[in-house]
Structures are given as structure tokens and as C-alpha cells.
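Student: Assemble the complex: chain A is given as a structure, and chain B must be docked to it using the hints.
Residue numbers (the working numbering), protein chains in the order written: chain A, 1 to 326; chain B, 1 to 397.
Derived from the structure by calculation, the hints contain no laboratory data.
Accuracy of the hints is not assured; some may be wrong.
[What the hints assert, rightly or not] No more than 20 Å apart at the CA atoms, straight line, and that leaves these computed lysine to any residue pairs for SDA-like: (1) B:K203 to A:K284; (2) A:K102 to B:N46; (3) B:K204 to A:K284; (4) B:K203 to A:G49; (5) B:K203 to A:H29; (6) A:K102 to B:I206; (7) A:K102 to B:F53; (8) A:K46 to A:H29; (9) B:K204 to A:L109; (10) A:K104 to B:K21; (11) A:K102 to B:S185; (12) B:K203 to A:Q97; (13) B:K203 to A:G103; (14) A:K284 to A:Q298; (15) A:K104 to B:D50; (16) B:K203 to A:T7; (17) B:K21 to A:E22; (18) A:K104 to B:K203; (19) A:K104 to B:D188; (20) A:K102 to B:K21; (21) B:K203 to A:L109; (22) B:K203 to A:Q8; (23) B:K203 to A:N51; (24) A:K42 to B:I206; (25) A:K108 to B:I206; (26) B:K204 to A:Q298; (27) B:K203 to A:I100; (28) A:K108 to B:R199; (29) B:K203 to A:Q298; (30) B:K204 to A:E22.
[What the hints assert, rightly or not] A few chain A residues that don't get close to chain B, going by computed Cβ distances all over 10 Å: (31) D18; (32) K21; (33) E22; (34) P27; (35) A94; (36) P183; (37) Q188; (38) A196; (39) E241; (40) D242.
Only a predicted model underlies this, so the values are computations on that prediction, with no experimental measurement involved.
Cβ coordinates follow ideal geometry from the N, Cα and C atoms, glycine included.
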Amino acid sequence: MAMAVQTQELPILRKVRDLPKEEYYLPGHRTCAGCGPALQYKLVAKAAGPNTILVGPTGCMYVANSSYLCTPYAVPWIHTQITNGGAVASGIEAAYQVLIRKGKWQGKLPNVIVMAGDGGAVDIGLQAMSAMMYRGHDALFICYDNEAYANTGIQTSPTTPYGGNTTFTPPGELIPEGKKTFPKDPPQLVIGGHPAVKYVATASVAYPVDLINKVRKGLNVKGPTFLHIHAPCPKGWKFPEDKTVEVAKLAVQTGMFVIYEWENGEYKYQHKPKKYKPVGEYMKLMGRFAHLKPEHIQKTQAFVDARLKAPGMPVEIPIPPPRAEV
Amino acid sequence: MAKEMMLSGCAAAAQAVKLAKVEVICSYPIRPYTAVMMELARMVANGELDAEFIHGEGEHAQLSVVYGASACGARTFTGSAGVGVTYAFEVYSPISGARLPVQMMIADRALDPPGDFGSEHTDAMSCRDQGWLMGWAETPQEAFDNHLINYRVGEDPRIMLPQYVCQDGYFVSHISGKVSLPEQSQVDEFLPPLRMEHRLDPKKPISHGPQIRPDQGDVMDLARAMAFLEVPKVIREAIDDYGRIFGRKYPPFVEEYMLDDADMAIFIQGAHALTCRHAIKRLRSQGLKIGMAKLRFVRPWPTEDVAAALSKVKAVGVVETSTSYGGAMRGGNLIHEVRASLYELPTRPLVTSFMAGLGGEVVKIEDFEYMAKQLARAIQQGKVSKSVHWIGLEAEG
Numbered sequence: 001m002a003m004a005v006q007t008q009e010l011p012i013l014r015k016v017r018d019l020p021k022e023e024y025y026l027p028g029h030r031t032c033a034g035c036g037p038a039l040q041y042k043l044v045a046k047a048a049g050p051n052t053i054l055v056g057p058t059g060c061m062y063v064a065n066s067s068y069l070c071t072p073y074a075v076p077w078i079h080t081q082i083t084n085g086g087a088v089a090s091g092i093e094a095a096y097q098v099l100i101r102k103g104k105w106q107g108k109l110p111n112v113i114v115m116a117g118d119g120g121a122v123d124i125g126l127q128a129m130s131a132m133m134y135r136g137h138d139a140l141f142i143c144y145d146n147e148a149y150a151n152t153g154i155q156t157s158p159t160t161p162y163g164g165n166t167t168f169t170p171p172g173e174l175i176p177e178g179k180k181t182f183p184k185d186p187p188q189l190v191i192g193g194h195p196a197v198k199y200v201a202t203a204s205v206a207y208p209v210d211l212i213n214k215v216r217k218g219l220n221v222k223g224p225t226f227l228h229i230h231a232p233c234p235k236g237w238k239f240p241e242d243k244t245v246e247v248a249k250l251a252v253q254t255g256m257f258v259i260y261e262w263e264n265g266e267y268k269y270q271h272k273p274k275k276y277k278p279v280g281e282y283m284k285l286m287g288r289f290a291h292l293k294p295e296h297i298q299k300t301q302a303f304v305d306a307r308l309k310a311p312g313m314p315v316e317i318p319i320p321p322p323r324a325e326v
Numbered sequence: 001m002a003k004e005m006m007l008s009g010c011a012a013a014a015q016a017v018k019l020a021k022v023e024v025i026c027s028y029p030i031r032p033y034t035a036v037m038m039e040l041a042r043m044v045a046n047g048e049l050d051a052e053f054i055h056g057e058g059e060h061a062q063l064s065v066v067y068g069a070s071a072c073g074a075r076t077f078t079g080s081a082g083v084g085v086t087y088a089f090e091v092y093s094p095i096s097g098a099r100l101p102v103q104m105m106i107a108d109r110a111l112d113p114p115g116d117f118g119s120e121h122t123d124a125m126s127c128r129d130q131g132w133l134m135g136w137a138e139t140p141q142e143a144f145d146n147h148l149i150n151y152r153v154g155e156d157p158r159i160m161l162p163q164y165v166c167q168d169g170y171f172v173s174h175i176s177g178k179v180s181l182p183e184q185s186q187v188d189e190f191l192p193p194l195r196m197e198h199r200l201d202p203k204k205p206i207s208h209g210p211q212i213r214p215d216q217g218d219v220m221d222l223a224r225a226m227a228f229l230e231v232p233k234v235i236r237e238a239i240d241d242y243g244r245i246f247g248r249k250y251p252p253f254v255e256e257y258m259l260d261d262a263d264m265a266i267f268i269q270g271a272h273a274l275t276c277r278h279a280i281k282r283l284r285s286q287g288l289k290i291g292m293a294k295l296r297f298v299r300p301w302p303t304e305d306v307a308a309a310l311s312k313v314k315a316v317g318v319v320e321t322s323t324s325y326g327g328a329m330r331g332g333n334l335i336h337e338v339r340a341s342l343y344e345l346p347t348r349p350l351v352t353s354f355m356a357g358l359g360g361e362v363v364k365i366e367d368f369e370y371m372a373k374q375l376a377r378a379i380q381q382g383k384v385s386k387s388v389h390w391i392g393l394e395a396e397g
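Next comes chain A alone, as it looks inside the complex (with noise of 0.2 Å):
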């Protein structure tokens, strides 16, 4: 007899006292001091609960969380390749729908999270990542953003800034700046084209209470649905390990990453400033853009400029321009 699958509603917080106690990434894995990725993660677990899924591509929360005999995950977890975490996390879900109607396992549809950095989100998992989107499963995908290919050695990724320092994109002789192109946008890649999808949202480890709401609407929502995390990277970014959270709050601050939700096609912005801070403010905080020269962190600011006037990204209220720091 076919069983009718159910889905959760979880609570959304008001304040960080109403979290959870309990933790379901724990103590004990290998990450850097100050890592990003790492502390999202923490929130990311203790936000789905107990009936949760996670599903992890290689790179950092992969190799610097789960040693043999030794993981941090105190819910079912398993490792996928870089390339294919959305597969497999459709697979589980659909596996779920499949068992759960013929009665072979009982209970709610738990909570598929795909934990995806972004190579393994918007490069290389971006196929992956895109055809879960297309066909709709009832799953979560993360894309916790440190703006490089971090575990093998800081390389530049599609996310990593214009300008930025990477082995791969090394400031020379005949390339002052580094890295010469400029980010993908991965919100607007899974908004621009998904119509199964219905909420989108970005978060950073900087606003812990509004990444756990987040996490819990994009988990309610029946469908697949997608959070872009900002994860500050103190090795690969070249920053103190315990500037993690300035380091985010700032990039919020300038505009190099805006926090906001976009349901059922409508946008909503959260932790807006009132004005925006001219973004060398927040580049000088960082190794990673120390041998730039004023004409390219100006060129940053342009490229900011005209994504906070993108279509699709509408201001409410008229916001002084920002202005670059030369």
C-alpha cells in the first residue's frame, strides 16, 4: 500500500538564544583556527535537527572534518565525489520518496543537505548542482562560499574575487593583478533558469541567526532550494584567524557580498547598510589583495557598483553610491 511522504516544519528563531543546545557537527575535526566553513557548518547542522542527510563533495569540510574511525557528523553523512553532490543527493532523495511510499522505512521525509563549497558547487559540481535544481528535488543545496579551491592549496576558483592572490593566480611581472576575471554569482546562476526552484537566499557566518532561518525555510520548502554561504578563509584569504567574523561583517558592509531571499520570484534584503563602505576598506584586511594598486581595487568597486544596480537586485530605499577608497 502506498504511504503518503511527509514533510517537516521546522521553527524559524527570533534570537540566537532560541537555538538548539544540541550540536550535530561536534568538536574535534581538523579545521584551521578562525575556518569559516567550519563554523557555517556548526549553524547549517544545529539549524536541520536530527532527521538530516548531509551529503558531502570533497574539498575542506570534507577533508579536514572526517578522518577513518573519526567524524564530527552526529547525523547519517557521506562523502561524494567534487563533481557530483547534487546527483547523489537526488538519488538519496528520491531513494527516500521510493521507501518511504512503500512503507519500507517510516517516519518524515528527513532533510537532504547537499554541503558543497564552491568548486564543488558552481565549478565542477555546477552540472550536478544545476540538473538537482531543474528536476526538483525536496533537498537542500549549500554552497559555503571561501572563494577558492582552499583544501589543495588556496587555488583560484569561479567564486574567487578579481584581483585575488591564489597559486594559481600569482600577481607577476605581466599580470599585476593576480586574477584577472571577474566572480561567478551563484544565487543568480540557480535563480536565472531553475523554475522548480522556489527559494533562494544568501548568509553569512556573520549573522548567525539569520543563516539558521535560512536554512530552516529553505529546508520547509517543499522543492529544491539553495543558500549561498559566505565562509571567510583565514589561510587561504590571508587574514588573522580571529578577524573570521569582521572579515564577513565587512564584506557585507561594502557590498562584496549582499545578504538577501528571493521566494516565489520576489527579493527581500536583510542586514542592508544604510551606506555602503567603499570596498578597499575591506580588501585591505586581506593578504590576498596586499599587491593590488589603486586602479584595480577601483576596478572592484565598479564591478560592485553595478551588480548592487543589477537587475533582479532592486533597492528599497536610495543608497549613496559607494565611493573607492584610493
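Tutor: Just chain B now, kept in the frame of chain A:
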């Protein structure tokens, strides 16, 4: 009562998948295997089969989807051909390493370049060392039976390994043959529901596939190797049960055809064995003492069965429908393992190989007659003239 139907290899495979009550299927189109998915899509659409049918975005995704689904304890099916098989390569070892009993049908096809729809075993043979069971069918009936036998063996708690169930593109996949379809109750008796001890289940959290240190890798490789040592026994049990329940009794690993009094043997796998049988009958009528040894499993390679079958003859001709460029015997893949299997025999037959059926070429009765002539000459001269003959492309000498 079992009923008989005329089915192509693809349609026969789809019937087996349906009777196996597969739960998650992932498709992607590529000729010639596509027709199995067309059949299954139709069965799911009209309610004949209660399964999730997922449109993969490529073969890599197909294998990834069934990796995830199998890890949750669902019975899974996927398939491919040619460059599709090689596109998915990354995911084969993670599946066997995770000991997930995924099943993949390969209706084989030549690899590019250039684009060639023809059947050739190179696509599947390139994957033979990935920790999967692998074997070919000669007819749609054998394909049907192999799908059920492979699920039973792969899902056995002593084994837990994935399976490539292969059939020659077009020669089997697209040519209809008589297939006896059993009752659901017979299949249910033969194939119990999949039970996975370590599945992804929020009620019993486990971590699946963590990183290991180099000194832990060899232990896991050994575990997979040890599982493979158990496979032959489990295949024999399954074949016995299959014969008992369905009334069709296969030799588990090597089918011997007119081999008992033979001087020479053709060693072959897959569709061309059908033509080979006819050629052998004709050659026998001409007074030539020739037989055939048909291989049913490449993985696990049945070393003892191959040695036992071929120890009876003075010369062996290995029909190669795959390439191994720069290999020890300068031709295909099978001859290496055939020769290795014969090494311990007190008197070894002469062994040569015939590159035949590459790119989808038909291997004709005359081609087998040519092979017999080469083997007869080798016996007469007491040695093979060369280790590889390219059928139809070499000057007769």
C-alpha cells in the same frame, strides 16, 4: 506459468528490472542501450513499476544518483554504452568501495574516434578493474537471466558489490529472440528484498566514506579483493537456484561447446558466440575437431574453469572484441588472462588471438573458418605464427 515472448536484449533487460522490483532508476540517452530506459520509463508512467525514474544529466550523474539511492538501501538500476560508460568512470570505484550493489547494464559500443554506433567490448572492458562484477550475454534470454542472477549475487550479504551486466550493442540489444518470462512469484523466491546493514538512516547515523590514511588504504583494498574471492561460490549457488526455480541451467563461468574431443578451441564472450556455434557445427561436418569455450564472467575471472576447459585442446584462439593498445600480446584484453590461467598447466595449449568484431563489424562464419585454419596450422607447426591476427585485415600467411 512462464510465458514466452520475442524480445530484444534491451526489452528483455527491462522485463528483468521490472520483475526485480527496482526502486530507483537513472537514465541518460546513448545508443544502443537507450531502449531499456524507454521501456522502463513507459512502465513507470503507466504504473506497471513503482520506482523513481530520474533523468540524469549525463552518465556521471546516472552513477552518482544510484550511488546515493543505493546507500539508502534502495535497489537501483542504470545503464550506458560507449563513451557514456567512460564518462562515468570516476564513480565506479566509489560505488564498489562503498560496497553498494548497484546494477548497470552496458549495451556495448565502440569508443570514439570516430563516432561509431557499432558494438565493441572496449567500453566495458576499460572498466573491468573497478571492483564490479562483469559478464556478457549471448542472447536476450541470457541477458534477462543475467540481470536477475547479478542482483542476487551482488546483493548477497557476503558480497555486496556492484555489477556490470553486459550485452553486445545491436547484436543482442536490438535483435529479438525468444525470452521466457517467469512469474513474479518465481522471481520473488529467487531474489529476496535488498537488506543493507549500513545504510544512510537518520535513525542510525553513520558516516559513509571518510578520509583514510595511506596505511589504511591497503586494508580496504584487501577487503574488496577478499569479497571477490567469495563471488565464485555465490555465483554457483545462484546459478543452481536459478536452474531449480526457472528451469534454465547455465554453466556458471565457462560454457563448453563440443569441446570434449576437440583439438582446438575458440575462446569467446558475448553475441558472436552464436555465430561461432554455427561455424563449429559446419567445421565439425568437415571433419575438424574444434569446439568453443564461452566466457560468462570476466570479473571475477574464472581462472580454474578456463584452465579446465582449455586444458583439453592443443590450440586456443581467443576472439578479442576489445583493444589493449600496447599490451603484452599486441591485441585485445582477454588473451592476457587466458594465458595467465593456463600457466600452471603441465602441458599448455598454444594460444593466439583474433581481433574480430571491432567497431561493430559482423564476425562471419567464414571468419571463424579462417581462425580454425590458423589454429590448425599452429598445431601442425607446433607454434603460433603470431600472437594476434586482425581478422579481414591481414594478408593470409
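Student: For each hint, tell me whether it holds in the structure or not.
Tutor: For each hint, the structure was consulted:
no., hint, in the structure
1, B:K203 to A:K284, "48 Å, violated"
2, A:K102 to B:N46, "17 Å, holds"
3, B:K204 to A:K284, "47 Å, violated"
4, B:K203 to A:G49, "12 Å, holds"
5, B:K203 to A:H29, "23 Å, violated"
6, A:K102 to B:I206, "23 Å, violated"
7, A:K102 to B:F53, "15 Å, holds"
8, A:K46 to A:H29, "16 Å, holds"
9, B:K204 to A:L109, "15 Å, holds"
10, A:K104 to B:K21, "13 Å, holds"
11, A:K102 to B:S185, "18 Å, holds"
12, B:K203 to A:Q97, "16 Å, holds"
13, B:K203 to A:G103, "15 Å, holds"
14, A:K284 to A:Q298, "13 Å, holds"
15, A:K104 to B:D50, "13 Å, holds"
16, B:K203 to A:T7, "16 Å, holds"
17, B:K21 to A:E22, "40 Å, violated"
18, A:K104 to B:K203, "13 Å, holds"
19, A:K104 to B:D188, "17 Å, holds"
20, A:K102 to B:K21, "11 Å, holds"
21, B:K203 to A:L109, "12 Å, holds"
22, B:K203 to A:Q8, "15 Å, holds"
23, B:K203 to A:N51, "8 Å, holds"
24, A:K42 to B:I206, "18 Å, holds"
25, A:K108 to B:I206, "19 Å, holds"
26, B:K204 to A:Q298, "54 Å, violated"
27, B:K203 to A:I100, "14 Å, holds"
28, A:K108 to B:R199, "17 Å, holds"
29, B:K203 to A:Q298, "53 Å, violated"
30, B:K204 to A:E22, "17 Å, holds"
31, D18, "23 Å, holds"
32, K21, "18 Å, holds"
33, E22, "13 Å, holds"
34, P27, "15 Å, holds"
35, A94, "4 Å, violated"
36, P183, "24 Å, holds"
37, Q188, "20 Å, holds"
38, A196, "13 Å, holds"
39, E241, "23 Å, holds"
40, D242, "28 Å, holds"
Violated hints for the displayed structure, listed by number in ascending order: 1, 3, 5, 6, 17, 26, 29 and 35.
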